[in-house]
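Q: Start from the sequences, fold in the hints, and give me the full structure.
Read top to bottom, the protein sequences are chains A and B.
For the first sequence, position 306 matches number 306 in the numbering used here, and the numbering has no gaps at all.
For the second sequence, position 245 matches number 245 in the numbering used here, and the numbering has no gaps at all.
It is possible that some hints are incorrect.
Now the in silico label distances, taken between C-beta atoms and shown as ranges [said to hold, decoys possible]: (1) A:Val377 to B:Thr61: 42 to 50 Å; (2) A:Asp401 to B:Ala186: 50 to 58 Å; (3) B:Ala186 to A:Val377: 56 to 64 Å.
It should be emphasised that the hints constitute simulated quantities derived from the structure, not laboratory data.
Each residue gets a CB set at the ideal place from its N, CA and C atoms; glycine is no exception.
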Amino acid sequence: MIAVLGVLTEAWGEVRVHKSRVVLSLVGVFLAVFAMTTVTALGLIVAQVQQEQAERAGGRAATVSVSAFDPATGLPPDPEEWDAAVAGLVERHGIATAATISWADGLYRLPSGTRLVSTRRVTPSYGSLHRVVPIEGRWLHEADRTSLSPALVVNEAFLAALGVPDLSSRPTVVLGGPRPVRAAIVGVVREGYGDELVVYRIDRSGGPWDQPAAAGAGAYQAPPSLELWVPPEQADEVVATVRNDLQLALPGVQVDAWRVDSEGMAETLAVLRLAIRGAGVVVLVLGGLGVLNIGLVTVRQRIREIGVRRSFGAGSGRIFAAVMLESVCATAVAGVAAVGASIVLVRALPLQDWLGQGIPLADDPGFPVAAAVEGLVAATAVGALAGLLPAIIAVRARVIDAIRY
Amino acid sequence: MSLLSLTGVRREVPLPDGSVLPVLTGVDLDVAPGEHVAVVGRSGSGKSTLLNILGLLDTPTAGAYLLDGEPTDRLRARRRARLRGEVFGFVFQQFNLLPRRTAAENVAAPLLYARGRAFLTRGRAAREVLDRVGLGARADQVPERLSGGEQQRVAIARALVRRPRVVLADEPTGALDVETGARVMALLTEITAETGAALVTITHDLSVAALAGRRYRLEAGLLAPLDAPADLHAATAARTGTGLVGTGQVGAVPPGEAPA
Chain A
1 MIAVLGVLTE
11 AWGEVRVHKS
21 RVVLSLVGVF
31 LAVFAMTTVT
41 ALGLIVAQVQ
51 QEQAERAGGR
61 AATVSVSAFD
71 PATGLPPDPE
81 EWDAAVAGLV
91 ERHGIATAAT
101 ISWADGLYRL
111 PSGTRLVSTR
121 RVTPSYGSLH
131 RVVPIEGRWL
141 HEADRTSLSP
151 ALVVNEAFLA
161 ALGVPDLSSR
171 PTVVLGGPRP
181 VRAAIVGVVR
191 EGYGDELVVY
201 RIDRSGGPWD
211 QPAAAGAGAY
221 QAPPSLELWV
231 PPEQADEVVA
241 TVRNDLQLAL
251 PGVQVDAWRV
261 DSEGMAETLA
271 VLRLAIRGAG
281 VVVLVLGGLG
291 VLNIGLVTVR
301 QRIREIGVRR
311 SFGAGSGRIF
321 AAVMLESVCA
331 TAVAGVAAVG
341 ASIVLVRALP
351 LQDWLGQGIP
361 LADDPGFPVA
371 AAVEGLVAAT
381 AVGALAGLLP
391 AIIAVRARVI
401 DAIRY
Chain B
1 MSLLSLTGVR
11 REVPLPDGSV
21 LPVLTGVDLD
31 VAPGEHVAVV
41 GRSGSGKSTL
51 LNILGLLDTP
61 TAGAYLLDGE
71 PTDRLRARRR
81 ARLRGEVFGF
91 VFQQFNLLPR
101 RTAAENVAAP
111 LLYARGRAFL
121 TRGRAAREVL
131 DRVGLGARAD
141 QVPERLSGGE
151 QQRVAIARAL
161 VRRPRVVLAD
171 EPTGALDVET
181 GARVMALLTE
191 ITAETGAALV
201 TITHDLSVAA
211 LAGRRYRLEA
221 GLLAPLDAPA
231 DLHAATAART
241 GTGLVGTGQV
251 GAVPPGEAPA
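A: In structure tokens:
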């Protein structure tokens, strides 16, 4: 115990006495660990943003899209038959998340006049399948099906067209057609390009405005498609099974099923992470070389001191440990400082806004603990490696000459 | 029983051209506890080599070195290091204080390698020894701010802080002026006598050697008794008039050849 305390005391004493040299040598390690940790953390956030952007478009891995229509008329199957067939399919195969989406034209009475907007009629589960995170308000939920006022989730362009800045005034909009109804805007998402209006509405509700006749003459409604969230390794099997099952359940209806998520995303992100990690390691090695260089130069200048310590009774092991620990202590402190600075930087900057065009992440990765641990381990390892050569030189020094001259 | 005992000790140094330089050719020396022994000799005569062997910093090529009756040639490196720290205190010609550490930190440095209570109370012990050598008020000064004499007194305090049984002093006055050297030697002799430590001094200064109870001359790798008190007194008296302090050189130093 005393021996360990002695080595640590000696190493710390050296670090304290040689502050300038230590600080100088640690600038490289600090910057390297800071860069590596920050780049790793940023990489994870970038990867998360990329993944969520891809999932917002195509669904999570693996999403299988299913559509059904009568090949003779092009019309969708009877809603009740479709619902029963889907319910049976989901229950039979234990599918965790299934969402229905269809596109329908909607007439919205905006201050600038009534506009026809292609509206996405979706089930609430569409939100989790596509990682939809409103920047204001909420997403659709089951209770919206029984609401007397249709609930809408719109984009910022729609809100601007309505002439309201946010949801604080509980804005509403009148849906035109044979049975006009005032709809409540319950959430805002950041989607669409330029002035494109985006509207999400619950897939169906019991109100009279939602009956087929209420859609108005000429109003277009596309056949619904079903999206299933299944394990990626079972996606191909599910595609075949779903097609077969639904065709049996819906005679005379053509069923198509295909995978819609970005299949190569996991591999792409793995390559991205690997590249980032590789860059970090290169930076760290360069920093370590700086420490090694200064360590080698200074240990030669300290040969006399090492000889004197030998005369005090310091053995080879003790000299080796002291020189080595001096390096490790210093780089570990630099590592802690670098990781701390990296956390402050990554958390302080609005990175998610910059990288994700202001769309909040559904799963905020936070500051990756792995990056922090890696940074500390890397700093300590660099200290050990950079201290190794000077420690060997110190042990092999000719003590007699060191003391005498 | 002798504390230190050398019998027929030889030390040869291999040279780059493959030949061998005999430094010590058969040294016999016994040092008893509390004894003061001086070894004088010209530069390059092997004085420092002898001291390094005594202090377990070097090993003989041949011959026997017994420490407390125990042969040292069979000691493992770790035990040699421990004995070096526990048994010996070193005083060097160039002081060899650790730069940028205070006097107290320098004196406490050997106790970093001690165990138990000695390690834990090293700061207090260092200040007590510094008080004893008259530098209590300068304990927090770094060596760079101390005079040569003060630095050597710090070095003496450092050599004594672990209460060694033997103090090995290598030209302890070599870097000091005559008066300061005399005071430092008087202090060293006095303190080692107080603590009961043996003192082995190697020097080229006859007046320093004159303080020792036994004196030897190292020449041609051999140790021979230096029994010429008349010469010693004559040399020192001629130099200082005190009969104790002087800079008389041992042996015939060729003109122009400076002592180490």
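Q: What hint numbers does the structure not satisfy?
A: Checked against the structure, the only hint that fails is number 2, while the rest are satisfied.
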